[in-house]
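Chain D is fixed; fit chains H and W onto it per the hints.
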Amino acid sequence: MQVNTKADLPLTRPVALNRSFSGKVKRWTNLLFQSKTGTAGLLIVISVVFIAIFADLIVPHPPAENNLTNMLKPPAWLEGGSWEFILGTDNLGRDILSRILIGTRVSLLVGVFSVVLAGVIGLIVGIIAGFYGGWIDSVLMRFVDSFLAIPSILFILVFLAVFEPSIMVLIIVIGLTNWVTYARVVRGEVLSIKEREYVKASRSIGSKNIKIMKQHILPNILSSFIVISALSVATTIILEASLSFLGLGIQPPDVSWGAMLTDGRNYLATNWWIATFPGIAIVITVLGIIFLGDWLRDVLDPKTQVNAKGGPK
Amino acid sequence: MKIAEVEVKENYLLKIEGLKKHFALSANIFGKTTKSVKAVDEVNLYVKKGETLGIVGESGCGKSTMGNTILRLIEPTEGKIIFEGRDLLKLSPKEMQKVRRDIQMVFQDPFSSLNPRMRVFDVIAEPLRTHGISKGKELEEMIYGLLETVGLDRSQADRFPHEFSGGQRQRIGIARAIALHPKLIICDEPVSALDVSIQAQVLNLLIKLQKELQLTYIFIGHGIPAVKYISDRIAVMYMGEIVEMASKEKLFSSTKHPYTLGLINAVPVPDPTLRDARERIIIENDIPDQINVKEGCRFYSRCPFGTDKCKTEKPSLIEVEEEHFVACHYPLT
Amino acid sequence: MSEKLLEIKGLSTHFFTENGVVPSVNNVSFDVNKGEIVCVVGESGCGKSVTSLSILQLINKPGRIVNGEILFKGTDLTKLSEREIRKIRGNKISMIFQEPLTSLNPVFTIGNQISETIRLHQNVNKNQAKMKTLEVLKKVGMPNPEKQYYSFPHLLSGGMRQRVMIAMALSCNPELLIADEPTTALDVTIQVQVLRLLRDLSEELQTSIVLITHDLGVVAEMADRVVVMYGGEIVEQNNVFDLFSDPKHPYTKGLLNSTPKIHQLDDSLESIEGNVPTPANMPHGCKFNTRCPFVMNKCREEQPPLIDADNGSEVRCWLHLEKEAVSS
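Chains as they are written, first to last, in my numbering: chain D, 1 to 313; chain H, 1001 to 1333; chain W, 2001 to 2328.
I should point out that these hints are in silico values taken from the structure, not numbers from a laboratory.
Any given hint might turn out to be false.
[Unchecked claim] Once the Cα atoms are required to be at most 25 Å apart in a straight line, the calculated DMTMM-like pairs of lysine to aspartate or glutamate come out as:
#, chain 1, residue 1, chain 2, residue 2
1, H, K1048, H, E1005
2, W, K2034, H, E1249
3, H, K1049, H, E1249
4, W, K2061, W, D2180
5, D, K208, H, D1087
6, H, K1080, H, D1232
7, D, K211, H, D1232
8, W, K2138, H, D1286
[Stated by the list, open to error] Label pairs and their in silico Cβ distance ranges:
#, chain 1, residue 1, chain 2, residue 2, range
9, D, F155, H, E1140, 47 to 57 Å
10, W, T2102, H, L1274, 26 to 36 Å
11, D, W28, H, S1134, 31 to 41 Å
12, H, E1141, D, I210, 25 to 35 Å
All residues carry an ideal CB built from backbone N, CA and C; glycine is no exception.
Okay, chain D solo, but in the shape it has when bound:
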């Protein structure tokens, strides 16, 4: 046997990986079709986004138009319903389907942008606190702790009492209450990743802190960050609905799913459809986003491989 310093080839698993964009797209689509819930999630989210953008063009009736002659019509498949108002009408004779479609906009806008706002603040604070440690960490985390000590609903109530509720105000107030969660989660992840040897290796090479954060820390916390963000979009949509339900959210004539629930509250016993359909819209959207988030976590992990059968490992 001779002294040998050459590792054998080929590698353990012949996986075709490609640096090119088309290669990436191919991997993504392969992974998408491997996961049924991922496919479902993506389809739901794409349709919700599509509806939100083109809501004006696809609504069968103007959503704010009162039509007292068609008051409280049941859905089309029930006795007394008509195909003109597929999901029925509310107490002012407004078409429920149209209102749900247009309400998509508010729910998505508030859900997505407040999460983006909260996420960006939380990510920055979390990375700085975790990476630098010491007194910087102590100061930032004590601030986060005191923020967590305030009941968020109280904060929102005060905020909304001062400012006139609008979509923008809702986004800001929800974003400002939620960033602390991100900051804590991100900091925890950073603390564990910064002890890994590749971070030490990069420092021993002479990399600057900013570069280490960008190249080694951020990519490795991104997947858990995206998952909590997706879940957070879902809970924010519900939060917006609750605020609107309390009358603190979107004001008429703007429509949101939560406001629709409020409208239907008094009619639950007699005209159940008014509150039920916006509720179903919330459930479907939230599920879709959660499924998509789970799938994204798998896709973003290079360890997940495209395999012949079964879902991602």
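Only chains H and W this time, still in chain D's reference frame:
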């Protein structure tokens, strides 16, 4: 002669003088440390150009902390680290940045030393890009060259670390370390996590690279056999101190410190016929509490030859023969 | 001939994962005699740990023993119900694992944990269990057992924890002790203490030991007989002296050559080419053919059988069969 008095010679690449690293465990309200672990305490050593200095000791003896302080990945409490005539601890961050080109590290855990989200190409490119050595086509060629040097194939550059076995990952780590043509490489237990048959591959690769690239190694390890195989000289550490330092031949054929002897004797010999034939000094007990270190020789509690002098007076590292240093009041003969 | 305590016959343990069947252990057979120390040696993924877990039926889903018998004093352990096997675990057959910290429950004192084990298997009261615990702690060389009885695991050093594990394993006077890399996590000066302890106990109590390890040094110090595994199969089996003086399988030879020799000043290391194969890329034919320096065409086509060689040894290599044919 005490080792601290050894002068910096022409052929010394690195000399460490009185290096200490104390980790504070608790402090009083004025921020003054009341309790600390002396992870590295008064370490003196030198490394000659082109040689391999092995550093061996059991877990918690401070060998890895010491390795990390050389590159100032951990800031030492006090001491001097003289590399090519300059004290690294006096350098500004900017000057230190430049020195980092000349000193590189190979890490222990092949699974955490590579960023799982970077392709092998980018892993090896990182030092070259950081120091602006090259880019574009030239960079690509350099990286393919490095891959081939460490026994990998250029077609593997596009893969992620998890697609490689432990030994292959360690090769990638080595390629990253030699990319900048450093003068000194600190190998921090590079084979401890590998299978036996793969350990030999990596050790032989390191030896081959040393010859080809005129490298100097500090090889830190807890496995004496591997350290013995690769090193020219060996320093034995115990509880933050060097207890013996000599050439490999001297260390094994005329061992001076009882701890070194116990350490050597503890290694199982892969020859069953020697099982009962060997006379052994077996060190009893465990490493004592590192927080409340007693005065006197640190090995006293486990030493089979300890006397009252050992209990009260701490021996310093002294040159008893040419280039054979030992910290013991009663060196073995 | 000494009495056979454990006979493993044609054991195959496979894992049924989403990505297909992983045959971790294939057709493994070996015996353990009373008072004997058998070392199972091999590198990561060779199936040595799965073999040891299979003996006590500790294979979790998706793994399953698909074939073979494990006869312990004539009873086939694979046929026992979960209740029956539980009576044997920790009582007649005990196990020690690599990482003593995770094997001990952090919220109970060590005395509590050992006496629990004793009371589980023996009909004794609390006080008697405590007496027995102290006795066994003393036996494994625990300094000051009365005090240590009330210590929590995290307060002990690694070596002391492994002593506690051994004490727990020995508490019911088992006839067989399975030790899975018991010293890998320990420093050498502690390793030598633990190994010596195991050997003394084996001699004193006539306990048989199956020692799983990757370290040929440990094998040379401990074993009576050695089973070398590669790719889920036994490639060579022999008594320890013949195995080291006359290794028959190229893998055993390679392993010996790549083990640094502390007792020789002038050593050279030869490595085995290539990487340890994973189940996904296990070669066809002989499992070692991708790394073997003596590989022939036949090795790539056909899996060699385990061939009986001289002095009760066995080897799985075509090279050896050819030799036999020539000499006879």
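Going through the hints against the structure:
| no. | hint | verdict |
| --- | --- | --- |
| 1 | H:K1048 - H:E1005 | holds, 17 Å |
| 2 | W:K2034 - H:E1249 | violated, 43 Å |
| 3 | H:K1049 - H:E1249 | holds, 19 Å |
| 4 | W:K2061 - W:D2180 | holds, 20 Å |
| 5 | D:K208 - H:D1087 | holds, 22 Å |
| 6 | H:K1080 - H:D1232 | holds, 24 Å |
| 7 | D:K211 - H:D1232 | violated, 38 Å |
| 8 | W:K2138 - H:D1286 | holds, 17 Å |
| 9 | D:F155 - H:E1140: 47 to 57 Å | holds, 54 Å |
| 10 | W:T2102 - H:L1274: 26 to 36 Å | holds, 34 Å |
| 11 | D:W28 - H:S1134: 31 to 41 Å | holds, 32 Å |
| 12 | H:E1141 - D:I210: 25 to 35 Å | holds, 29 Å |
Comparing the model with each earlier hint shows violations of hints 2 and 7; every other hint is respected.
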